[in-house]
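Student: Protein sequences appear in the order of chains A and B. The opening position of the first sequence corresponds to residue 1 in UniProt numbering, with each subsequent residue numbered one higher. The opening position of the second sequence corresponds to residue 1 in UniProt numbering, with each subsequent residue numbered one higher.
Do not rely on the hints blindly, as some may be mistaken.
[To be verified] With a straight-line cut-off of 30 Å between C-alpha atoms, the simulated BS3-like cross-links for lysine-lysine are:
no., chain 1, residue 1, chain 2, residue 2
1, A, Lys362, B, Lys178
2, A, Lys226, B, Lys474
3, B, Lys451, B, Lys287
4, B, Lys170, A, Lys372
5, B, Lys451, B, Lys467
6, B, Lys258, A, Lys222
7, B, Lys138, B, Lys175
8, A, Lys362, A, Lys303
9, B, Lys406, A, Lys372
10, B, Lys474, A, Lys281
11, A, Lys303, B, Lys170
12, B, Lys168, A, Lys303
13, B, Lys170, A, Lys226
14, B, Lys451, B, Lys474
15, B, Lys175, A, Lys303
16, B, Lys170, B, Lys138
17, B, Lys168, A, Lys362
18, A, Lys362, B, Lys287
19, B, Lys168, A, Lys298
20, A, Lys226, B, Lys138
21, B, Lys467, A, Lys372
22, A, Lys185, B, Lys351
23, A, Lys281, A, Lys226
24, B, Lys138, B, Lys406
Calculated from the structure, these hints are not laboratory results.
Chain residues, written in single-letter form:
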Amino acid sequence: MADYGGSQHGIARTSRAQAQTADQRKLELDRIEKYRDLENQVRSHHAQGDYSPDVFQLTTRLLRLNPEYYTIWNVRRRSLISGLLSKPSHGSAPSRVSQSSSPSPNTAPPSANLSPSFSAAIQPFHEVPTVGRTGTTADSRDSASPIKEHGEESTENEQQRQQQDLDILVSELRFTIPLLLEAPKCYWIWSHRSWVLQEAIGRLQRAAARRIWEEELGLVSKMLFKDRRNFHAWGYRRHVVDQLEGPTLGGISRVESEFEYTTQMIETDLSNFSAWHGRSKLIPRMLDERGADDEDRKAFLDKELGMINEALNVGPEDQSLWYYHQFLMLNLVSFVGRATIVPTFNLKERITYMSREIEGIKELLEDYNNIKLIYEALLDYTIMLCQLEERQPDTSERADLAVWLQKLRELDPMRNGRWSDVARDYGLQEKITTPAAIKV
Amino acid sequence: MDSLSDTIWDVVICGTGLQQSLLALALSRSGKNILHIDPNEYYGGPEAAFSLQEAESWVATLSDPTNQNNAGNGGVFRAASITKPEATSPALKFSRSYSLALSPQLIHSRSELLAQLVSSRAHRQIDFLAVGAFFIFKAPEDLDHKAVLTRIPSTREDVFLSKAIPVKAKRGLMKFLKFVVDYDSEPQTEAWQPHADAPLTEFLRKEFTMEAELQTYIVTLTLSLDGRISTRDGLAIIHRHLSSMGVFGPGFTAIYPKWGGISEIAQVACRACAVGGAVYMLGTGIKSMQTGYSAEMELELELTNGVTVKTRRLVQTDEPASEKVVVSRLVSIIDSPLNSLFAAVVEGAQKPAVAVIAFPSGSLKTSAGKTWEFPVYVFAHSSDTGECPVGQSILYLTTPSITGSKEVLEQAVQSFLDAVSGEQVPHGVYQLYYEHLGGPAGSRTEGQVFKFPAASPSLSFNDSTLKVVREAWKEVLNEAATGADYMAFPDREGAVYDEEMYD
Numbered sequence: 001m002a003d004y005g006g007s008q009h010g011i012a013r014t015s016r017a018q019a020q021t022a023d024q025r026k027l028e029l030d031r032i033e034k035y036r037d038l039e040n041q042v043r044s045h046h047a048q049g050d051y052s053p054d055v056f057q058l059t060t061r062l063l064r065l066n067p068e069y070y071t072i073w074n075v076r077r078r079s080l081i082s083g084l085l086s087k088p089s090h091g092s093a094p095s096r097v098s099q100s101s102s103p104s105p106n107t108a109p110p111s112a113n114l115s116p117s118f119s120a121a122i123q124p125f126h127e128v129p130t131v132g133r134t135g136t137t138a139d140s141r142d143s144a145s146p147i148k149e150h151g152e153e154s155t156e157n158e159q160q161r162q163q164q165d166l167d168i169l170v171s172e173l174r175f176t177i178p179l180l181l182e183a184p185k186c187y188w189i190w191s192h193r194s195w196v197l198q199e200a201i202g203r204l205q206r207a208a209a210r211r212i213w214e215e216e217l218g219l220v221s222k223m224l225f226k227d228r229r230n231f232h233a234w235g236y237r238r239h240v241v242d243q244l245e246g247p248t249l250g251g252i253s254r255v256e257s258e259f260e261y262t263t264q265m266i267e268t269d270l271s272n273f274s275a276w277h278g279r280s281k282l283i284p285r286m287l288d289e290r291g292a293d294d295e296d297r298k299a300f301l302d303k304e305l306g307m308i309n310e311a312l313n314v315g316p317e318d319q320s321l322w323y324y325h326q327f328l329m330l331n332l333v334s335f336v337g338r339a340t341i342v343p344t345f346n347l348k349e350r351i352t353y354m355s356r357e358i359e360g361i362k363e364l365l366e367d368y369n370n371i372k373l374i375y376e377a378l379l380d381y382t383i384m385l386c387q388l389e390e391r392q393p394d395t396s397e398r399a400d401l402a403v404w405l406q407k408l409r410e411l412d413p414m415r416n417g418r419w420s421d422v423a424r425d426y427g428l429q430e431k432i433t434t435p436a437a438i439k440v
Numbered sequence: 001m002d003s004l005s006d007t008i009w010d011v012v013i014c015g016t017g018l019q020q021s022l023l024a025l026a027l028s029r030s031g032k033n034i035l036h037i038d039p040n041e042y043y044g045g046p047e048a049a050f051s052l053q054e055a056e057s058w059v060a061t062l063s064d065p066t067n068q069n070n071a072g073n074g075g076v077f078r079a080a081s082i083t084k085p086e087a088t089s090p091a092l093k094f095s096r097s098y099s100l101a102l103s104p105q106l107i108h109s110r111s112e113l114l115a116q117l118v119s120s121r122a123h124r125q126i127d128f129l130a131v132g133a134f135f136i137f138k139a140p141e142d143l144d145h146k147a148v149l150t151r152i153p154s155t156r157e158d159v160f161l162s163k164a165i166p167v168k169a170k171r172g173l174m175k176f177l178k179f180v181v182d183y184d185s186e187p188q189t190e191a192w193q194p195h196a197d198a199p200l201t202e203f204l205r206k207e208f209t210m211e212a213e214l215q216t217y218i219v220t221l222t223l224s225l226d227g228r229i230s231t232r233d234g235l236a237i238i239h240r241h242l243s244s245m246g247v248f249g250p251g252f253t254a255i256y257p258k259w260g261g262i263s264e265i266a267q268v269a270c271r272a273c274a275v276g277g278a279v280y281m282l283g284t285g286i287k288s289m290q291t292g293y294s295a296e297m298e299l300e301l302e303l304t305n306g307v308t309v310k311t312r313r314l315v316q317t318d319e320p321a322s323e324k325v326v327v328s329r330l331v332s333i334i335d336s337p338l339n340s341l342f343a344a345v346v347e348g349a350q351k352p353a354v355a356v357i358a359f360p361s362g363s364l365k366t367s368a369g370k371t372w373e374f375p376v377y378v379f380a381h382s383s384d385t386g387e388c389p390v391g392q393s394i395l396y397l398t399t400p401s402i403t404g405s406k407e408v409l410e411q412a413v414q415s416f417l418d419a420v421s422g423e424q425v426p427h428g429v430y431q432l433y434y435e436h437l438g439g440p441a442g443s444r445t446e447g448q449v450f451k452f453p454a455a456s457p458s459l460s461f462n463d464s465t466l467k468v469v470r471e472a473w474k475e476v477l478n479e480a481a482t483g484a485d486y487m488a489f490p491d492r493e494g495a496v497y498d499e500e501m502y503d
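So here's chain B without its partners, still in its complex pose (with noise of 0.2 Å):
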């Protein structure tokens, strides 16, 4: 403990959520002195993974009245519970062999994070799964038809073989496919900039006579969470999802990291700054600031745990602002593996691990029998991510948060294990629910300490988080960080893989 207090850090990261975890990996060969804490005993903050036990202490933490700005929550998550059918359902494993994502989010292939993940080396440590086909949910039309789930086609393949759209409609459909590709170009730019604030599904309407229902599949392939995203928003991300189709392997446009999506990456990335010599301490976080001291260390930290710590700079996270975003999520776990959720898009091809189920806008009610106006997304997850025991699966649903979205949730769960069935209906066996804030304001500095924004809860990863990280990093390398390679780093043995073959 002495050390701790005798070194005078050049920075202090508080939380280990995935901005300041890719910070610790940005900075993990400065040879700086990096103290890493997290208040919580996990790493992650509001991207962690949990286990069953664990998502019972969180749930029973943030139910405590007397916890108000609780254990590193920082206001993000409130409303938690957990529901099991059965007190103890016997189809629920061991607490261990469950990872329950906080915030599961999809990352596109030509995301900059994996550009970056491979520069910094960190990728050979993460295993990445493909993200399969999206769906919509298309509620059956009377009581002797079962709902059906329709693929959303994205490529010209998907369109040829789709046997839902009519002729003209895919010719329609075709030209704003070629249109967004190259959206960023003159004349497209032309046509949708005057529209850029109005919503996509307008100016799908408007300039290329789209019907409802196509209009559906091209908003829900931005996971739009409200459904209403603005066409330059819009064209954005979908330029991004079919600009990724295909990259890593035919009939997929994006990937997610094995054991927990982005808490597996939070936790190489810290792994990889403790590598470089960075001291991490869970469970341990900021009780009070001094700032004034000399020119040389700015700032004096008194830890939750006793410990005074000198620093020239801290890293934290922001409050969600007052134009937060609230989400609902709802976690459940189903005793079905839901294989045909999961077949291979292309014959031969790599076996998807997610998959992507929308209720667009409209699509269910709530019980008091008002029209739900927003989408409701599903991530459903096979074992194959880690994340639940083989024979399992686990679904992930969001929509945004007002009076009667659990129902609405639990509804969405229940409409969707019909639709999937075969001859027999999967069951939930275990129900984890809560709120979550968010976003959107940006960053700011308040002398030596930098705030991260609190981060938006988004189902699909968003390149801009990525600039915010190297703004801090430029804050704390200063003047070492104009000659420096931002993320870009050899590997660490220097490692040879075919020594053996020249002896």
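Only chain A is shown next, with the shape it has when bound in the complex (with noise of 0.2 Å):
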């Protein structure tokens, strides 16, 4: 299917094998004929402006052929918008039917420049306000959004226009699966999905639009079973949560759930840096929704703690594990003027806390003393706890200091200039005992 061209990145795509023997490059030559045939019919009904439902017909079969043909999308959209999707009732919202002379986001023309950032293809479809978190503002011409709230006219026609429109923007989702399943990665198959998900918003019943947007929840949840750290999905639910959860789909926090979703993520795979990430973010707020006093505060720390000191017993090396580990500890050292999970903590329950867990790391050294991360948290924190009590390291952490030290100019030699200001810092002797730690 998607054979024909088409790279991402500059990194083509794989193709299946290609034909051996003359019968079936023969074949291939009738199929590269038909696909050219095609593209021409339709792109000269598109030259003449001609966007009427046998143009929809023929891009179904390009796009099914080749759904990299961002053009053709375009085509799609405004033969969806100027005949098969409805036009709004008079004297409501200012039509969204685009007059080829004006162009709008959705039918942007061909030779726009949707950018390959993913996230930028999606900005042109964000019309509708949201709760402020991602910081886009509402285009004023479509502040009159025509969500149609429950009490608004109603007619039969209404209903039934409204019906016609879910069935042809379901239709539309539907026909991007096996296409999406060829190619998951195509950004004009996933801008065609957000602008069928936008027009819902725009065209149908609250609850309807909802749904439409929740299942797209669950194809985002599939997308990351597929592939667990795949970022552009991460930021894609993220945007489909920031939505469900806005005032013009409902307005519930989803926040609960979207942690446990994490937690599940990490227990398949503790090397989920998204997941981590996502975590972290969504702490404060869920704290703050619980209503959390400072016991249900000290008592969440204590079990996150638990849990990342537990992945690490395991997984040592894992670079997301130590950054999540010290996120924990940052809320408990950078306190001032930050949303922390525990901010009525005093000094001294601070100072147990760094303590036990430095105590605790040291202890993976007993089974793991070649990882080049356990020695940097050892170092970071034993500084950081040290500036937590204003004071400068004791004998015997400098001693420590400089036993880490030495490590870490074994293990990693590359920033040895890294670990000489360290020592210099603290006054600590340099010895260089192997040869490999000599490198300017």
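Two chains, each in its own frame: build the complex with the hints.
Tutor: Spelled out as structure tokens, the structure:
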């Protein structure tokens, strides 16, 4: 299907095995001719400004063969707007039917620079006011958003229109599914879905629109199941969740279920930086929404520390785990003007927690003595603890630092400059014992 | 019948066990004249799967004293019996709704066998199911407690989630798992090669200071029949287990073909060869053989149906050697789906159809009160395997065959059912017992006769089987073998799946 050209960031897509025999070559040439013919038909209709249902059918066939041909997606959308989807009833929102002379964000002309960045490709479709976290603002032209509230005019015609629109939008989503299975990272398929989802908000009753967005969340979960670390999918997930939580679709917080989702992803694969990161971002709002008091917050911190330490116990070489551990540590030491987990901890409590963590990490050295991330963490946290207590490292700490720095020189000689700086800051002797450590 | 005698066969293959069937698959596009016979009335030989009716006939045949070198079994099976708790159990469905596998084996995802099935296109006709978690049976501490099935961790995430292993022991286990992943290279090889022939358990204790419980977990992953697998063999299997994890989907390391396991592969392979022009005759064996004709045809075979055929080569299986391995097997049909065993390991992942449970050495006692020094392995199969009707499941138990093994296996079934029962204890409604002999000798050639070794009863498929099949293939094809690709064929129909999109 998607073998005809198409690359992503300069890396060619893998295509199926090429034709071998003369017969198969002829077959391929036939296919190419049929494709070119189809393409010419679409382009000529488009050049004449013809977006009739016939053209729509042609785009169906052509996009099945080459979903990366973004011009054809544009033609398809024009066709949907100018014919198949209903025109809005007179007097309400400004007409969404695009005249060929007035460009609208929904039907960018073929030369539009839909940037390769996926999130930028979504921007043009952000017409609905959101909760403000993403920073997008509503286009004033669309402030009269045609979301139909219950109680507005709902004549039988109106219901029929919406039902037809719903059918068409659902059918568009279904159309993209087999294309996505073949080319799960094709931006143009995803942007078409985004467009359909926005149309759902614009044209349907809130309940129907929300159902469509919830199914989208289901789809994103399936994508993440197939490729747990696809950061596009994580970003898209946040976008979908934001919309579902926003006022246009019902405004119910999903922070608990999203937090649980990160737990599931982590239990499936500890090395999921996106999941740990997402988790950390959800925590402040979640604790607020729970109305957590000091005791609850302390219990929560204890549980998170327990979990990350269990993870580090089996995967100390994994950087994403150390990032999360550091996030928890920073909640203890870097609390001024920030929404932390335990804002009312006094200094003594913070010092106790930090010391306990440092002792716990030292235990890892019993069995893992060649993993540089452990030594780095010990170094950083010892220094952090001293800063917290506003003092210099004591004698035994200095001895420890010297030993750890030596190990770091062996394990991470590329950063010798940094290790030397630290040694200098704390007046530690530089013991160069192995030739590998000498790297200027 | 005339054309059978007139043809000069390039090869007569006797027996449709896995080895012979894979040979047939390998030869299926060669254009050679192949006559493939089997004295049994069924395909699969020692790897066959039986309906209840077929099982009864088989047991009757084995028990019949007049059948010395009986129908194709060649000394592979003995001491077979069928027990039903009630004479006509109401739970038993009709005969053909069961497909009891004589040699249940799981196939690791990275097995060379799967690669060959794919390259030969035979995989298209096989439904592969996931083999799920491995469990250890832990006897109850006292009469107030129930026995527990503990999952054996084999990934980092398993170890992370396990509540049964202390913190420091987890670190030791992780170090071992990392060691095995690279066990083939320096410096790991220096660490284990001096102990290559010593038991794996000793190596774990000495080099990884592993406690007995964790040692048991590791040895169970190797599916070692006597629990005494060597370090060399054990590390190889665990390496295969670990490197197969997640290959075909999250959470599982091995697969099992639907409709009877290995027997299904044998049938598909024979079918492929039949499509390629081979002639198949069941219920036909070799009565006698004469050699020394002209240089053209080396062998003249008189078949049991009275027909005489001439062939350049004969391929059959050897009898089990004197250093044979003997295991006792029990097949028990259970009147419950045992759903708790077959839950998907990862949410959204494929539901497993097979679960492996081990009773470690020393966890069972014979009826005389002696501790059973070997492990007992239980393969639990859900109805998704097609081997039993919905609402039931099958337990396949295996243990080395010495005095008392049958009673120990029956006891294991009972203990197992007690452990997995909810409010109601499930029951066994049918039981097939037999002893299975095999291996370990290699192949041998006597003139124009190539003999496969009697397959060693093994719980996981061993790729070394494939080497012998390739040897046989080379012998049959002679010079033609050098140019040809082994087990690599294009799709027969030249299938094009999306032609209609272009119209």
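Student: Hint compliance check: list the failing hint numbers for this structure, sorted ascending.
Tutor: 2, 9, 10, 18, 20 and 21
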